[in-house]
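Chemist: This is what each chain is made of:
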Amino acid sequence: MAERLLLRCRDIPGLRQIDTYLQHGGYEACRKAIASHTPEHLIDMVKASNLRGRGGAGFPTGMKWSFLPKQTEKPVYLCVNADESEPGTFKDREIMEDDPHQLLEGIIITSFAIRCHTAYIYIRGEMETGYDRLWVAVREAYAKGFLGKNIFGSGFDLDVIVHRGAGAYICGEETGLIESLEGKRAYPRIKPPFPAVQGLFQCPTIVNNVETLACVPHIVLRGADWFRGIGPEKSPGPKLFCVSGHVVKPGTYELPMGTPLREIIYDHAGGIPNGRKLKGVIPGGASMPIFTPDEIDVPMDMDSVQKAGSFLGSAGVIVMDDSVCMVGAMLLLSQFFHHESCGQCTPCREGTGWLNKVLTRLEYGGASPADADLLLNIAGNMMGNTICALADAAAMPVRAFVTKYRAEFEQHAALGRCPLRSAAQEPRAHAHG
Amino acid sequence: MPTVEIDGQKLEVADGLTVIQAADSIGIEIPHYCWHPGLSISGNCRMCLVEIEKSPKLQIACNTRCTEGMVVHTKSEKTQIAQKAVLEFLLINHPIDCPVCDQAGECKLQEYYMDYDRQRSRMPLEAKVHKKKAIPIGPYVMLDQERCVLCARCTRFLDEVTHTSELGIYQRGDHSEIALAPNKTLDNAYSANVVDICPVGALTNREFRFQARVWYLERTESVCGGCANGCNIEVYHREGRIYRFQPRANPDVNQYWMCDAGRHSGMALQGEGRLMQPLVRGADRFAPAEWGAAAGEAARALRDAGRTPGAVGIVVSARATNEEVFLARRLGAHLGATVTAVSWSPPGATGDDFLIKADKNPNTQGLVRQGLALDGVDALLAAAAAGTLQALVILRSDLTAWCDATVVHAALERVPYVLVLDADQHEAAQFANVILPIGAYTESDGTFTNFAGRVQRLRQAVAPPGEARPGWVVLDELVASVAATPAFGSASAVFDALAADGGGFAGLSYDVIGAQGRVAPTA
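From first to last, the protein sequence lines stand for chains L and W. Residues in the first sequence are numbered consecutively from -10, following the numbering used here. Residues in the second sequence are numbered consecutively from 8, following the numbering used here.
Since the hints were made in silico from the structure, they are not lab data. One or more hints might be untrue.
Okay, derived cross-link-like pairs now, DSS-like style, lysine-lysine, Cα gap no bigger than 27 angstroms in a straight line [claimed, not checked]:
hint, chain 1, residue 1, chain 2, residue 2
1, W, LYS61, L, LYS180
2, W, LYS61, L, LYS393
3, W, LYS115, W, LYS91
4, L, LYS180, W, LYS85
5, W, LYS64, L, LYS180
Note that the structure is predicted; figures quoted are calculated from it, not measured.
So that you can see chain W by itself, here it is in the shape it has in the complex (with noise of 0.2 angstroms):
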């Protein structure tokens, strides 16, 4: 445990951290472009370079490792000549094309500038080196070879962390480049990665490039819904509309990473299929309703059918959150009614050795440690072929997506009554006698339990559209009024109940959860 001093503070650092992250540990920023925590240290970018006492030259922080005794200067005279004239040399041959860069207003060359260089060019228009500009390199990533810095972050990410190296470094000197190795295309799973890691404008993301300009969009803290994982994510979003997944760092869940299906399927949940209004069943079609009419119908229906045990099932599916699950389970037990749940992903579905899960659902842990059977279904749908239910609430999940479809329609052309509750219109709530529309995952807050049983927190980043509401406010209000008890009033108060229950979630609160997860105590 050595004792360094950086910039007169000084501090123990644990053995092997190198300076840059020393200073980073008590909020000294090193500026660098090719460091970065999830690669292999490169050192090829010179940003990072400062003074340290009785070293004849500068020494890259990135590199270094602190001894005991060393006396670091990152804003040392020295320093400074040393960051401004790698800022030059960096831009000496950039186009400065910031103006029609998607990268401007998260540029590391950007804000660099303004913080060590903030000089004029020496380095006349017509004398800067050209390259290409605008090249499709794979499904998701463009590249602009004039902005590359050459500091060989996604080069490294495709060699360490993918192992496929559809990217390499050719030419030399100061006509190097990015360029796809031959007969390659940047197509693997985490291929989007390479877009945020890039410090630059020279790896862009086609599907958002000029979508935003990014110092006009929102973040908001969550997880990928995407499969059983849970990556962390931020949801980029302005004005209710969602524009970019971005990973967040969490080193037990995802590091700095996330699958490029997991990243696109934000924008998939704005698509058309979306119920914007509950919908009551008339005569021949469904008609939109008020909120309260529809709701209200629905309880008293519930509570009717609940006057006979065992005349009512409850569908629950790995999509839901772990608070709707709980506000499910409640409805359930108040009306005597069977509860099981189902995990289904697309037939074909697969996982790999790193973040990508073979069960697309977020959230089949939560219902696992929530004590649902995850195979209860075929029963429930045999007693409503049986004629036994009188009531089935169907809660995210699309019975005929994955169970046979002429089973399914011939079981619920049985139940008098059918409540689906889903963000989504789907096959199996054409049999609903009212559909409640809730909120996707980003439009709600809640927590989903990943593959590993960490529960993880969702933030709301964006209403839901029309007039949806988040399921847990729906499901809270449901049950408060077929039990004629208090509402919660917050998902956080839910997850309380839910974690006083007993089981899986003892202990944990949205507080202790925070921000990286908190893995549930198993039951």
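Same shape as in the complex, but just chain L (with noise of 0.2 angstroms):
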């Protein structure tokens, strides 16, 4: 894609201040948007955009909205989840830091849609610039008249609220963020009740991430078609790769939605350096199943990767050269489930801790041969188990790993080591919080 628009940042310096951005053309989707559509007339053009969820899950955005009461007398609550925490992504941060207005725009546009006019930015406790960025940001919009009471002399009233997490994974978790926004541990909700008909306060909300959020002024500027008609019709639009790992030049990928892993790799990131090769790369973030060199000629949209037996999620793209022990890599993803499983569903709270120990012995002695099966028995049995997707999220590579390189954990095994570590070494203790 020769032009940006999410990572407009990128091209036009100091964006991020009110002035800047209103030069090149700023809040004028918003206007349009207030101006001359009807929030029921949003809702569809969004929907006939075929926008998708940009967190992970890549539900259609239009028909959540969709699914907030017609009638009701509670107030209507917006929730931005830039809780971005997925081990190998960093997308919405960027849009926050170097580009707020952009995201309050999508705010202001999709808070009228919904009826709401309370939005809260959920944002990760860690992303200090962004927190103060996105406060000068949300100052500078009221003090435009952007935000606060009759928005464009509309009669239309919105407040937007930042706020910080204090350090979870699971707050990221939708009905987790709403408890902790409600100032309460952040267990995942059963549902139903869905947030659209019960979620913050007790009120309808709709939870949306940082980058969906950012498409929707593009979409009311330029229309649900041309948004379509980027990449595959059922997964369109533009979309923010995460390149990290053993590529040459790691970073975030404004591409269209579709582009082939392949092209992501090679093309845009700039191959594998050192002469190395490949050996697995993770194409949506450390929970979803990692790809073999043999499988990356898939094209990466929401449909076409879950067809070729992973997921898009959070498009946070983890690359591996033949240097990578298989078993220390799924040791690492390990621990921090571990770490970040809420504790809440009995299967989580103890899956996560016990397959970071056999993957642990297995790294560093004391395994049997049978834990490579052991390993799938109890990714199996934590999968599809539990209030939210975190035991999925746990499992799922637990699976791949062992699926795909199931060689390298025998030998693991027989040998009583990791066989590219010296046996000398101890495993690190493990922090807890």
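Since each chain comes alone in its own frame, lean on the hints to assemble the complex.
Modeler: Set out below in structure tokens:
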């Protein structure tokens, strides 16, 4: 894609300042949406665009909005999921830090469409710069009359509040986010009821990802047909791909949905450095099944990646070359999920720790030849049996790693340690929080 | 009213009913830890996962509402695999210290392990996560974090029922633990309920732990006599000793709960002040006497005094059962006596807006509904002081506890014959000519009428201590002896006579009252 939209900030210095943003057509989408569309029309437009959520689940955004009750006396809330914490994912952060008004514009249009008058941006606690810059942007928008009372003289009111999380992956699960925003421990809620019916403060609530909302102004300006024309029709639009690991040029790339994974790795990210070979690539953030080198000719859109046996997820592309020990890599992922399991549901609370223990002994000694199958069995017992998807997120990579790199797991068990590691190395003490 | 099919059985269920409730209604138990009918649905334990046709994943039965045509399999292979998996997950970090755990015998981990798991542990002992054990978290509750399954019943009880939130869940993942909130103690008036609802040995009762293995204990359905609420209970006992009270579910009275004071009042009934044998006043002290002799003398003395109308007074307290009160009234009728009643609570007795009533008597309404005045004692004492009373019967009432003791002393000194029927030794009894020991309410059949007019059954859990007898037995024989009529012979027959007597008990019988009580028609 020649033209960058979501990452326009890379081409326009100072875009995060409202005056610069306005000089480059800023808030036109917002003005247009409020002046010449009804909320129903906007929802229809987003539906027609086939925009799907960029947070990981890929749920159709317009359909999510339409689940709100048609008649309600309760306030409707918009929660912006800015708790970006999936390992390998760093796209929302750039939008918030360098183009916060793009997000605010998306928030204003969406709020108008869903008749919301209070929107919360729930930002990951560690993202201090993003938090500060969002508040600056929010204040600038208030000063210009784009937030607050009677926006653009339309009679529409909207307040935006930026809220910092306190450091937990689970707060990115939409109902965990809602609980956390209410001041409670971020235990995901049982569904039904879904947030659209009963969300924040028991009121109808829409939770949307940052990148999802950033797409909305562009749809308003250029139309649903334009958006639907980028990439596959069922899963279209401009998309941010976060490429990390063993590539020459790691970073975030804005490319059309459906760009082949091979092209992303080898053309855009410059391929594998140091003359090494690709060993595996996780296409959608730490919780998604890994692809082997012969599986990377897949278009990177939601349906195609799913058809190929993984998920686009957050589009966090983690590239591993042939120096990587796959047991060690899986151990690292399992440490993350063990650390981040909220502990509410039995299979996840106990299973993430158990997986971590088995992987630790495979890597450092004490494993048995049956441990590869034990990992698959534990993962199978966790999958689909919990309130939220964290158990699946912890189990899916295990299944893929063990199945696709089984020989390495068996070699570890037979040798009593990692072949790439000296016997003297002890496991790192694992911190719990 | 959707029709659902559970394990091949079709049934029509009420709108909004969940699968776990529907299954329970036809006797199919879906195993569960976190679900409790008195608390909000949490859905965390995953033990109640069941297979529902047309649903891609297993669903938790506790949060799935029955819909028309739903087909549920609670014993299918998929369901069984999930049940076994969840139990294994629950047990991998469990200390398996059943031999020294007070919950053994009533532990849902033990029970479900036998029913749904039965496999060897795949977790090496040394790899288990360890947490703190035997932490006293309040006057009645001991916490063992290692045994906890994090079902959050205790925290939900404290959030939703008592609204005191002393406990919370801290840390994450398999390091999650139940713990006291900073600067809090689990000391609300209902704290020990968390022990009942804890499905495992994480929360145990400090009064009960290590006193008895539960499989040795017998249970008797009864009603707490600690206040006018009449919380339904089960009395746990063995060889004549009471070990604990636990609440028994009654949606109209106490739901699933009871207060700490009531719960622990049962043990106080077995204290040192109990009267163990009939006592007859001698020259300078009371002497033990044979029942026949003591009761016979009492009957003779009352008959003699009863020859003068108005010469006998009877004081009945709100701690007496309806049956005892009825028999006391019968006795009064034969003796032409003045029967009056007292309902006394200690100074400063308070209630709340939940279960605890300021009236610390279990049967005040029973007195009222048998037409007894609650304000006649002063007049009776005045009559005694004036020398017009020849005999006075005092049933379950220490007059000195609530009247001016010097007035009581002066009055009782002037009554030639005082008969005391009570479970406990007390000050007023020193004026007695005869003291007949009767059982506490856990030692007798009978009924109490709670503050709302609900008549509820007491069942004799243990025998009265020593030579003491149930109060209704003693009064039944006394009436028979005084009136020369046949005795009723059972508490149930006494109650039938009470019901036939008109007033507030018409239409009731022990069968009608059943296990959950019945509100008496207002007279």
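Chemist: Just to be careful, I want the Cα atoms of LYS180(L) and LYS85(W) compared with a cutoff of 27 angstroms; is the pair within it?
Modeler: Status holds; Cα separation ~22 angstroms.
Chemist: Need the status of pair LYS64(W), LYS180(L): alpha-carbon distance at most 27 angstroms?
Modeler: Holds, at about 14 angstroms.
Chemist: If you draw a straight line from the CA of LYS115(W) to the CA of LYS91(W), is it 27 angstroms or shorter?
Modeler: Holds. LYS115(W) to LYS91(W) sits at ~14 angstroms (cutoff 27 angstroms).
Chemist: Does LYS180(L) lie within 27 angstroms of LYS61(W) when you go C-alpha to C-alpha?
Modeler: holds (18 angstroms)
Chemist: So if I understand the rule, the pair passes when the alpha-carbon distance is 27 angstroms or less; does LYS61(W) with LYS393(L) pass?
Modeler: violated (31 angstroms)
Hint 2 from the list above is the single one not met by this structure.
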